[in-house]
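Student: Chain by chain, the residues:
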Amino acid sequence: MASQAPPRKTMTGKAVARAPRDVAHEGFLNHKQARWAKVSGALTLLVIAVYALTDPIPRHNGGTWLGYTLGTLGAVMIVWLSLLGVRKRVVGAKPFSLKGWTSAHVWLGMSLIVIGTLHAGGQLGWNVHSLAWLLMMIVILSGFWGIHLYRSLPERLSTNRGEITQSQMLEAIRTLDRQLDSAAQPLAAADAALVRMSLAETPIAGTLRQRLGGDHGSDGNARALAAVAERVQARRHAGQADDRLQQIQFLLERKAAALAQARRHIALKAQLELWLYVHVPATVALLAALVAHILSVFLYW
Amino acid sequence: MGFVIRQIASRADGSDIVRTRTLARAEISVGRGTDCDLQLADLAVMLRHARIAITSPGRVSVEAVGGVPVELGGTFVTRADLALADTPAIDIGPFRLSLAAGADGAVAITAERVVPPIDAAQAGAEAGIFSLAGALPTKRRMAWIGAAVVLIGMLLLPLLHVLGEDRASLPQAMLAEARRPATPGQAFGDGRLQLPKPRPATESGFAPDEVWSSGPLSNAHASLANNCGACHSQAFVSVTDSACQACHMPDALPDHALPARMAKGRVAAGGIAGAAHRAFNLPEGRCASCHKEHEGEATVLTVAASFCTDCHASLNRRLPDTPAANVPDWAQHPDFRATLVATPSLQQPVFTRAALNGAKEHSGLIYPHALHQSASNAVANMAQKQGLPTGADGALPCRACHVPDAAGQRFQPIAMETHCGACHDLAFARDGGTLRTLPHGKPEQVAGIIRDFWASRTARADVQIFPRRTPGLFSAAPAPVAGRADAAVVQVFTGRAVGGKGICSDCHVVTNTGSASITHRFAIAPVTLNNHYLPQGRFPHGQHKSFNGKTGEAACLSCHQGARTSKAATDVLVPGVANCRQCHGAPVTSLLAAAPRASDSCDSCHAYHDGAPLPAGHRSTVQPAATEAGR
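Sequence lines, in order, name chains H and G. Going from the first sequence to my numbering is simple: count from 1 and add 5. Going from the second sequence to my numbering is simple: count from 1 and add 111.
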């Protein structure tokens with residue numbers, strides 16, 4: 006490698022050469038050739054080895070020298086890991102890139118499973134100490150979930166979205182609504198009521214369950230479409246084809262398609278966000294539990 | 112006459128567009144249809160919804176014509192007459208028509224949308240639609256709530272409980288139990304120390320500070336589960352010995368040694384560990400340094416063997432005057448130094464500790480084991496005649512004299528009457544129906560009884576004098592001559608009259624004091640029988656009844672090997688430490704066994720809280736052996 010790259014000292018002026026960079030995208034998991042994965046793995050192995058090679062009296066727990074060491078290490082790591090929430094709000098902060106910071110966050114966070122569990126010596130009970138452990142595990146496992154989602158969902162999100170943006174999706178539905186509204190102006194009351202059903206009783210997002218499942222059952226638009234289609238059919242059979250109503254059916258169909266796309270987008274976005282609704286509040290609760298855990302140990306020293 | 116219609120529409124930026132038209136008619140139509148005079152473009156409005164007509168100056172009528180009523184001040188009507196002076200308002204769908212008297216007798220109608228259109232309701236809601244913010248409380252709020260719940264439940268409430276709590280009261284039952292002296296020599300190693308049954312926690316119920324417990328308490332302390340303050344008496348101060356000794360009185364549970372010597376003998380933690388102990392206020396040598404609580408049912412009593420050798424491996428380096436030899440581990444455990452009777456005494460016998468090799472004990476008794484354990488001599492013969500228990504070979508078994516104590520640890524004290532009396536009978540005459548016996552241990556009384564008996568005997572024909580049946584002196588002595596009472600006394604004590612031994616001198620060293628008084632002429636040397644040769648350890652004989660497949664007598668003899676050949680009571684028949692190592696700490700003999708054949712932990716034999724053995728010159732709290740002197 007050294008023979009290929011020109012010695013940097015000789016560079017002069019600005020932008021003589023592009024910074025060496027892999028052509029392929031390097032995600033946060035294998036940032037810098039998975040540097041933090043290696044650090045985390047080595048740390049985990051070291052902790053397991055020390056744990057296995059020591060035999061404290063009466064047994065491993067948070068009260069042995071190893072227990073206090075692992076506890077201190079774990080607490081410092083937890084505080085640092087939670088500072089990602091601060092770091093990501095400071096754009097362009099130095100010296101480490103946000104990607105590097107995230108990579109360390111993920112990998113060191115995984116090693117906390119071993120550090121935290123061995124700190125406790127596997128002892129669990131109904132107390133503040135095990136609560137801290139439980140919250141830590143919830144945070145870490147929700148983090149795993151988030152990593153999985155970040156690896157799988159963006160591709161589906163972009164496939165579903167095609168070339169349009171979020172606001173274009175909404176605008177499409179609104180435009181159809183306006184078209185429906187004006188197209189329905191000449192209609193008789195009963196037909197107009199169906200269009201109103203589509204306009205008034207069709208929430209796009211809905212509850213958490215509806216967002217995640219994308220299942221809105223028969224919303225106003227679906228019911229209106231079914232009823233309008235039935236009427237169009239009936240009038241055609243009666244030999245009184247109703248062009249205006251047919252136009253309404255066409256618009257309702259287009260709205261249904263636009264809604265479906267938006268809702269798929271919403272479902273993916275909801276999944277992408279939901280883990281953070283576990284991860285972040287559980288992290289803050291964990292920090293609180295950590296304070297209670299450490300203080301109570303010294304209070305009842 | 113006519114209508115002035117002002118239609119107000121909202122721009123996207125919120126400002127209004129007002130369009131005014133004047134219709135010179137007495138009646139106008141209102142509806143969604145494009146042919147209406149007042150068009151209201153909303154699907155909630157009928158194509159032709161209503162007619163408004165001027166009925167007289169200042170009065171109008173409104174009539175719903177589309178089959179859907181209009182709303183007037185909250186009520187739905189199909190027809191109504193209205194006075195313009197009242198400035199009535201008619202609601203049709205999302206629109207409100209406000210009527211008033213205009214200039215020149217015209218009717219002014221202001222039509223305004225009062226319910227926003229549907230798509231406008233969704234405008235600006237993009238964030239709520241595409242992010243979960245629209246469906247869940249914000250992450251920040253959830254975080255605050257979660258943190259508050261944790262801090263209140265796990266820190267604040269327990270803290271308030273601690274601050275509001277009075278001095279902890281201790282359960283009476285526990286106090287009483289802790290104040291009982293510990294059974295000496297208990298240890299887990301031999302399985303004799305039983306776990307107490309956990310007592311339920313006291314009735315005060317759940318205490319908020321229980322959530323700070325790092326694990327279940329041991330069975331012994333289980334009833335303190337909701338009484339944290341019983342031990343954790345001061346915040347930020349590690350549990351002190353005074354908390355333990357509130358129940359465990361030093362009298363009942365003596366310390367291992369004097370605290371000052373303990374502190375001197377301990378290897379002080381150095382380096383990081385020592386610095387950490389000092390920094391976090393964890394003094395060493397506390398009860399809790401060894402006895403770790405909150406580790407489950409038994410662990411408060413569990414300490415490791417290395418705990419002993421921490422100090423004892425090199426104890427003499429820190430305590431040069433210690434009488435205890437260094438013990439780095441079981442394999443290097445020094446041979447036993449038995450506690451032996453040096454000077455027998457009825458009042459204050461003197462004991463000494465001596466190496467087993469070549470040790471001699473001076474109990475003051477004459478007792479050859481070999482003679483009494485023979486299978487073929489007069490002793491064996493007599494034992495059979497007396498109906499004493501004998502072994503298969505006809506010899507007296509060990510248990511004839513060495514009767515196990517109730518605990519199965521050691522043996523009941525040897526008593527002359529019980530263990531020797533069957534053969535060494537002190538009866539000397541049948542006086543009428545009464546058997547006359549000499550009192551053991553009272554030489555003056557014996558001399559007096561014999562003298563008086565002989566002095567009076569000539570006048571008594573009904574007294575039958577036994578030929579002495581003493582073993583070894585069977586019928587050898589002729590009956591003493593009447594009137595020679597003093598000679599009879601001499602014979603009892605020394606046997607000198609017949610050239611052999613007397614009754615007493617069979618077993619005792621008898622000295623002639625030369626006193627003129629016959630009752631004080633003979634003195635018996637005091638006897639002290641040792642009943643615990645290794646008082647710093649414990650050897651539960653009851654658990655060692657078999658050895659290498661041998662049981663009973665053979666098992667005894669496999670350790671006490673000299674018992675059948677020893678010709679003098681000065682022989683010390685206690686086996687050495689090498690004997691123990693045949694099993695304890697010995698390597699496994701079968702492939703399947705994982706552990707040594709017997710435990711090699713210190714607490715198999717030694718206890719910690721048995722009291723302090725002290726070097727010479729210190730007041731000894733150890734009573735090595737009860738004395739059986741003078742028997």
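The hints are simulated quantities; they were obtained by calculation from the structure and are not laboratory data. Mixed in with the good hints there might be a few duds.
To be verified - With the C-beta cut set under 8 angstroms, the calculated list includes, among others, these residues of chain H facing chain G:
1) Leu71
2) Glu168
3) Ile169
4) Gln171
5) Ala188
6) Ala189
7) Ala194
8) Trp280
9) Ser301
Glycine included, every Cβ here is placed at the ideal spot set by N, Cα and C.
Student: Min Cβ distance, Ala188/H to chain G: is it shorter than 8 angstroms?
Tutor: At about 10 angstroms, which exceeds the 8 angstroms cut-off, the nearest Cβ of chain G leaves the hint on Ala188/H violated.
Student: When the nearest CB of chain G is found for Gln171/H, is that gap smaller than 8 angstroms?
Tutor: holds, 5 angstroms
Student: Grab the minimum C-beta distance from Ala194/H to chain G and call the hint holds if it beats 8 angstroms, violated otherwise.
Tutor: holds, 6 angstroms
Student: Closer than 8 angstroms between Cβ atoms is the bar; does Glu168/H clear it against chain G? Give me holds or violated.
Tutor: violated, 17 angstroms
Student: Double-check Ser301/H for me: the hint is only fine if its C-beta lies closer than 8 angstroms to a C-beta in chain G.
Tutor: holds, 4 angstroms
Student: Against chain G, is Trp280/H within 8 angstroms by beta-carbon distance?
Tutor: violated, 11 angstroms
Student: Holds or violated: is there a CB of chain G closer than 8 angstroms to the CB of Leu71/H?
Tutor: violated, 12 angstroms
Student: Does Ile169/H pass the interface hint, meaning its C-beta sits closer than 8 angstroms to a C-beta of chain G?
Tutor: violated, 13 angstroms
Student: Would the hint on Ala189/H stand, with a C-beta cut-off of 8 angstroms toward chain G?
Tutor: Holds - the Cβ of Ala189/H comes within 8 angstroms of chain G, reaching about 5 angstroms at its closest.
Taken one by one, the earlier hints fail for this structure at numbers 1, 2, 3, 5, 8, listed in ascending order.
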